[in-house]
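Here's the letter readout for the chains.
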Amino acid sequence: MAVEETRIIFKHIDRQGYTNGIDCYERHGGYAELKKAVGMEPDAICAEVMESGVRGRGGAGFPAGMKWKFLDRKSGKPIYLVCNADESEPGTFKDRQIIYKDPHQLIEGMMITAFAIRAKLAFIYIRGEFFEGARILERAIEEARAKNYLGDNILGSGYSCDIIVHRGAGAYICGEETGLIESLEGKRPYPRIKPPYFPAALGLYQCPTIVNNVETLCNVKHIVNMSGKVFAEIGTPGNTGTRIWCVSGHVRKPGYYEFPCAALTLGELIYDICGGLLPGRSLKAVIPGGSSSKILRADERFKGKLRDGTEFDWGINDIPMDFDSLSAVGSMSGSGGVIVMDDTTDIVEALANINYFYAHESCGQCTPCREGVQWMKKVTYRMCNGAAREEDVELLRSIAGQIEGRTICAFGEAASWPVQSFLAKFNDEFVAKAKAQAARNASGEAVETTLI
Amino acid sequence: MNLKPETFSKIDQLIPRYPEKRSAVLPLLHLIQEERGWISNEAIEWVADKLELQPINVYEVVTFYPMFKQKPGGRYAIKVCRTLSCALGGAYKTCKSFQEALGCEVDGTSEDALASIEFVECHANCGKAPVVMIDEQMYEGVDENAARKLVEAMRAGEIKPARED
Ligand SMILES: Cc1cc2nc3c(=O)[nH]c(=O)nc-3n(C[C@H](O)[C@H](O)[C@H](O)COP(=O)(O)O)c2cc1C
Ligand code: SF4
Ligand code: FES
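Sequence order for the protein chains is A and B. Okay, so the first sequence: first residue is 160 according to this note's numbering, each after it adds one. Okay, so the second sequence: first residue is 152 according to this note's numbering, each after it adds one.
Chain A on its own, in the form it takes in the complex:
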């Protein structure tokens, strides 16, 4: 028996007859939690979120309750709430569904959060390519305003807050929270150095700011509904609530699937839920949490100890889908973007494709990142269709090692982890490719590539 989806965030999404208007949302019980929340003490809401253990769904997995606690309330400066709707980690497509198909769920989650942290003003930073998504949100905000779910004196609570929809313009680095803040201030999105620029202390306009992902903010609504305690019973300790896994690449049924954390394994997700691979193909590798996460090889054994001390010995199909298990096997659940590759995939080309992305998206502030990612792109490119040298594999390893840990923002890691993990797990293919390339180069024969 295949595991069944448990849809909390995506409960209504794609259901026949469900629309993104406010009437439909209210008919399905929408805004009941906001009504409940404005009757609660803001600190009590924060305490529920803390107790729920909900971790950020944007990539880093930091507990939301903890982040809210770090807010600097002593400065007396206004507090801002920013929803990170930049959704640009390759392989991720969950926030898009919420924005296009259930925008009021996000607005309700945001207004509860804004009330709880006592924000003066809220923003949705949405990637520029979601043209229609921004219009849908604008319309939903006006609908909510007309019913007093946002704006002045919300539901008679004496609390006022508005939401501004702010569109990005095609730069991945705007997803990094401090780059996002710079962008929202009207500048180039150059990430800020932490410390001191933790948004909860020095964020937007140098004021305390909470940045949370779309899915995280939607969870707040459900925490208010069921209480932090009940929410924490979904999943496993430290990995609470559901997660939406976005599966793409070589599976028969790519798509988005919501499950409680650890409710299914990677194998069940690929074979039972996504219908497995195409006929005659076998699994080669999986990138489990967006392109920045480390790749897993299909025939690896993963051995080690979990945080609670239990030992594990898993094949790729046995890995439970949750935050801690994926980090225990040396990767991460990241943004939930699971990219599946079968045996037809040229792994060197796949890395060349990823390196092209990071080279295009580096903001250029830090020398190791700006120069290093370009160089890695060049090397993997020539391994596929240029003049590669046999020593290129070592060169790549050395460049990646010199970026990681030497940059202002986590983009440096995001760009070096794929290189390091691809090389660690598919070393032979890289060496063979470099050799073949060097030989081919001597013969002058042209080569066809598919991923770059």
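Do not rely on the hints blindly, as some may be mistaken.
[Said to hold, decoys possible] PhoX-like, lysine-lysine: derived pairs with alpha carbons at most 25 Å apart:
(1) Lys-279/B / Lys-300/B
(2) Lys-306/A / Lys-346/A
(3) Lys-195/A / Lys-279/A
(4) Lys-172/B / Lys-279/A
(5) Lys-247/B / Lys-537/A
(6) Lys-220/B / Lys-201/B
(7) Lys-236/A / Lys-247/B
(8) Lys-412/A / Lys-244/B
(9) Lys-279/B / Lys-155/B
(10) Lys-161/B / Lys-244/B
(11) Lys-161/B / Lys-172/B
(12) Lys-260/A / Lys-172/B
(13) Lys-346/A / Lys-220/B
(14) Lys-228/A / Lys-353/A
(15) Lys-346/A / Lys-300/B
(16) Lys-311/B / Lys-300/B
(17) Lys-260/A / Lys-279/B
(18) Lys-346/A / Lys-279/B
(19) Lys-247/B / Lys-279/B
(20) Lys-537/A / Lys-244/B
(21) Lys-279/A / Lys-236/A
(22) Lys-311/B / Lys-161/B
(23) Lys-346/A / Lys-161/B
(24) Lys-195/A / Lys-306/A
(25) Lys-194/A / Lys-388/A
(26) Lys-464/A / Lys-537/A
(27) Lys-346/A / Lys-172/B
(28) Lys-279/B / Lys-412/A
(29) Lys-306/A / Lys-222/B
(30) Lys-172/B / Lys-155/B
(31) Lys-161/B / Lys-279/A
(32) Lys-170/A / Lys-279/B
(33) Lys-161/B / Lys-201/B
For the record, the hints were derived by calculation from the structure and aren't laboratory data.
Here the structure of chain A is known, so what remains is to put chain B with the ligands in place on it, guided by the hints.
What follows is chain B with the ligands alone, placed relative to chain A:
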């Protein structure tokens, strides 16, 4: 600066919503590009003046963000996602097909100015690979054949362009 009256009024409503004027740089540039198709030096100076900034402050924004164009393109803008999931689904072939049907390269515009082609990075729709945007419209599962048909549809004027000019 020559813009439609409704664009001017949108701009005037938008600026005071932000705690600081400078935050309105991106929304203003979007409004101008949506109307004019690209961002000219005149537009940069106008936005700077409007927001009490130096032109360089606006210029450095325009040059950083890939969505802002500093020269006019074709009547349609074709944006092919080339990131991993789309590439695994055949995005590079799709792109070749557009190139052949239009007789131009990536980052180029067809001779008849019908369309420009560019590569873009992951458009958060990887489950429907390969994805392509034409102006503001998303097309899913665009294989080589579908790409050719889209070009035909553009030629026949069956796809509504984002701007009439
Ligand atoms: C290079 C980079 C890109 C990121 N892109 C996104 C993104 O597109 N969406 C997102 O929600 N978080 C993204 N993040 C994570 C954010 O910096 C931040 O941790 C997150 O928005 C916090 O929200 P959460 O705690 O609710 O996850 C990115 C981080 C880095 C380093
Ligand atoms: S690590 Fe890269 S993306 Fe991040 S600030 Fe430095 S140059 Fe910019
Ligand atoms: S890789 Fe093309 S939409 Fe994500």
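Status of each hint after checking the structure:
1. Lys-279/B / Lys-300/B: 18 Å, holds
2. Lys-306/A / Lys-346/A: Violated, at roughly 35 Å.
3. Lys-195/A / Lys-279/A: 20 Å, holds
4. Lys-172/B / Lys-279/A: 17 Å, holds
5. Lys-247/B / Lys-537/A: 22 Å, holds
6. Lys-220/B / Lys-201/B: At roughly 20 Å apart (the allowed maximum being 25 Å), Lys-201/B and Lys-220/B satisfy the hint.
7. Lys-236/A / Lys-247/B: 54 Å, violated
8. Lys-412/A / Lys-244/B: 22 Å, holds
9. Lys-279/B / Lys-155/B: Violated, because 37 Å separates the two Cα atoms, which is more than 25 Å.
10. Lys-161/B / Lys-244/B: 41 Å, violated
11. Lys-161/B / Lys-172/B: 15 Å, holds
12. Lys-260/A / Lys-172/B: Between Lys-260/A and Lys-172/B the Cα gap is close to 32 Å, so the pair fails against 25 Å, i.e. violated.
13. Lys-346/A / Lys-220/B: 17 Å, holds
14. Lys-228/A / Lys-353/A: Holds, at about 17 Å.
15. Lys-346/A / Lys-300/B: The hint is violated at about 40 Å.
16. Lys-311/B / Lys-300/B: Measuring from Cα to Cα gives roughly 15 Å; hence the hint holds.
17. Lys-260/A / Lys-279/B: 17 Å, holds
18. Lys-346/A / Lys-279/B: 33 Å, violated
19. Lys-247/B / Lys-279/B: 19 Å, holds
20. Lys-537/A / Lys-244/B: Holds, at roughly 22 Å.
21. Lys-279/A / Lys-236/A: 10 Å, holds
22. Lys-311/B / Lys-161/B: Satisfied, since the Cα-Cα distance of roughly 24 Å is no more than 25 Å.
23. Lys-346/A / Lys-161/B: 21 Å, holds
24. Lys-195/A / Lys-306/A: 16 Å, holds
25. Lys-194/A / Lys-388/A: 20 Å, holds
26. Lys-464/A / Lys-537/A: Distance of about 38 Å is beyond 25 Å: violated.
27. Lys-346/A / Lys-172/B: 12 Å, holds
28. Lys-279/B / Lys-412/A: 10 Å, holds
29. Lys-306/A / Lys-222/B: The hint is violated at about 44 Å.
30. Lys-172/B / Lys-155/B: Holds, at roughly 22 Å.
31. Lys-161/B / Lys-279/A: Holds, at roughly 23 Å.
32. Lys-170/A / Lys-279/B: Since the Cα atoms of Lys-170/A and Lys-279/B sit roughly 21 Å apart, the hinted pair holds (cutoff 25 Å).
33. Lys-161/B / Lys-201/B: 13 Å, holds
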